[in-house]
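*Asks:* Start from the sequences and build out the full structure, keeping to the hints where you can.
Taken in sequence, the protein lines are chains A and B.
Residues 1 to 193 (this note's numbering) make up the first sequence, in order.
Residues 1 to 193 (this note's numbering) make up the second sequence, in order.
Treat the hints with caution; some may be incorrect.
[What the hints assert, rightly or not] Distance ranges between label pairs, derived from CB positions:
(1) G46/A / T166/B: 45 to 53 Å
(2) S9/A / H115/B: 21 to 29 Å
(3) T166/B / A122/A: 27 to 35 Å
(4) S74/B / N107/A: 35 to 43 Å
[As the list claims (entries may be wrong)] Covered by chain B, according to a simulated footprint, are these stretches of chain A (three or more residues, beta-carbon under 8 Å):
(5) 61-72
(6) 76-84
Bear in mind the hints are in silico, worked out from the structure with no lab data behind them.
Every residue gets a Cβ at the ideal spot worked out from N, C-alpha and C, and that includes glycine.
2 protein chains.
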Amino acid sequence: MHPNEPARSEHVISGTGPSEADQDEYKRLSVNAAKGVGVVTAVHRGWDNAVTVTDFLSVSYDPPTILVSLYSLSRMAEALDEVERWGLSLLASDQRGVADALGYEGNPLVGLLDHVPHFRRADGAAPLIAGSLSWFELRTVAKHEVATHTLFVGEVTAMGRAAVATARPLIRFQSGYLGAGNELPANDERRPT
Amino acid sequence: MHPNEPARSEHVISGTGPSEADQDEYKRLSVNAAKGVGVVTAVHRGWDNAVTVTDFLSVSYDPPTILVSLYSLSRMAEALDEVERWGLSLLASDQRGVADALGYEGNPLVGLLDHVPHFRRADGAAPLIAGSLSWFELRTVAKHEVATHTLFVGEVTAMGRAAVATARPLIRFQSGYLGAGNELPANDERRPT
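*Replies:* Have a look at this one:
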C-alpha cells in the first residue's frame, strides 16, 4: 500500500456501454495524464490552419514517425484528410498565449496567425511556430479511425528547434498548465512532503 | 519572429529515407515532448507483466478509449497480443522509483512487483499501481502496426484513482523527470524572465 493510504476511487463501466456518467468520470480521471502542448499546422485550400493539441506521440525512430489524434469532425482533421503535409511544433513554457490563441477551432482562419510568430520552410509549406522547443514537418503515411477520433500518422521529412536549448516545455495537466519556468533539474531527488 | 531571436536548427531527411544521423537528430528533438509517465500491466501466462511507458494517449471520451504505443518486439507487446485485458496507471510525482524499477524490459518477471505497491480488482486481473493518480482497466479493441511499433487501442472497462486529489504527475522530459512537487498552480500567469 501507498504509505499515505490514499483515498481510492473505483468506477466500473457496465457491459452495455458507457453512460454519460461514465464519460464524465473518464474526463475527470484522464486529465491526470500530463501532456506536452503542441500546435498542428497545415495549409488547406490556401489557408493556414493551426490548432493546439496535446494528444500526439512519437511512434518510432526508424523511420521518425509521429501520430496525432484529432476529433474526426474537426476542421483540422478535415484539412489533414485532404493535404498530405503538416507541421507539429512543441510549445515552450513561455508560449501559453499561443496555446490559448490556437485552442479554439471556432476561430476564423482569416488572420489566425497574425499575432502568432511563425515561419515556414518554403512558400506554401505548413507554418511552424517560432520559439517552439522542436518543430517537425510531416507527411501522412496512415490514418486510423478510433471511436470519435482519427489517428494521423506522419513520417518526419524535416525537423529542427526554434528555441534556446535550455527552454522548458509547456505542459497541460488537469484543467491548467504546468511549466512556466520553475521545474526541477532532471536529476532532482526531492520528494513532496 | 520570436522576440529573443532563438538559435534555430534545421535538419532535412532525404527522400531516400532516414539515415542513422537522421534518427539521432530525431531522438534529440522528439524528447522535447514532455510526457506523463504511466505503467502498463497485464497478466500473461500466469505472470504479472509491467512496464513503464510514456507513449500513450486518451483517444476518445465516447466510449472512453486509450491507446499505448509499444515496440512490436517487446515483451509487453507480446503479452498484449495474447491477452485482451490490461491496465494503465498514471504515476504521481513521488513514484519515480516505480518508473525506474519498471523501466527495463529485461527485468525478470519473477518478483517483478515484489517491491512495487499494487492492487488488483479481482484474482487474475491486471495489477494496478497503488498511489497512482488514475488507473484504467482496458480491453483491447484494435491494434495498428506503425513502423517498429504497435498501437494497442483499449476501451476502458473500469477506472479510478489511487492517490489524493492534490497529487502531482511524474513527467518525463528530455533525459530526465520533472514534477517532484514544485509545479505552478494551474492558473499561474507568470512567465520565465
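*Asks:* Would you mind marking each hint as holding or not holding in the structure?
*Replies:* Status of each hint after checking the structure:
1. G46/A / T166/B: 45 to 53 Å: Holds, at about 48 Å.
2. S9/A / H115/B: 21 to 29 Å: 25 Å, holds
3. T166/B / A122/A: 27 to 35 Å: With a Cβ separation near 48 Å, T166/B and A122/A fall outside 27 to 35 Å, so the hint is violated.
4. S74/B / N107/A: 35 to 43 Å: Holds: the Cβ-Cβ distance is about 41 Å, inside 35 to 43 Å.
5. 61-72: Check passed, 8 qualifying residues.
6. 76-84: Our answer is that it is violated, as 0 residues pass the Cβ test (under 8 Å) against chain B, missing three.
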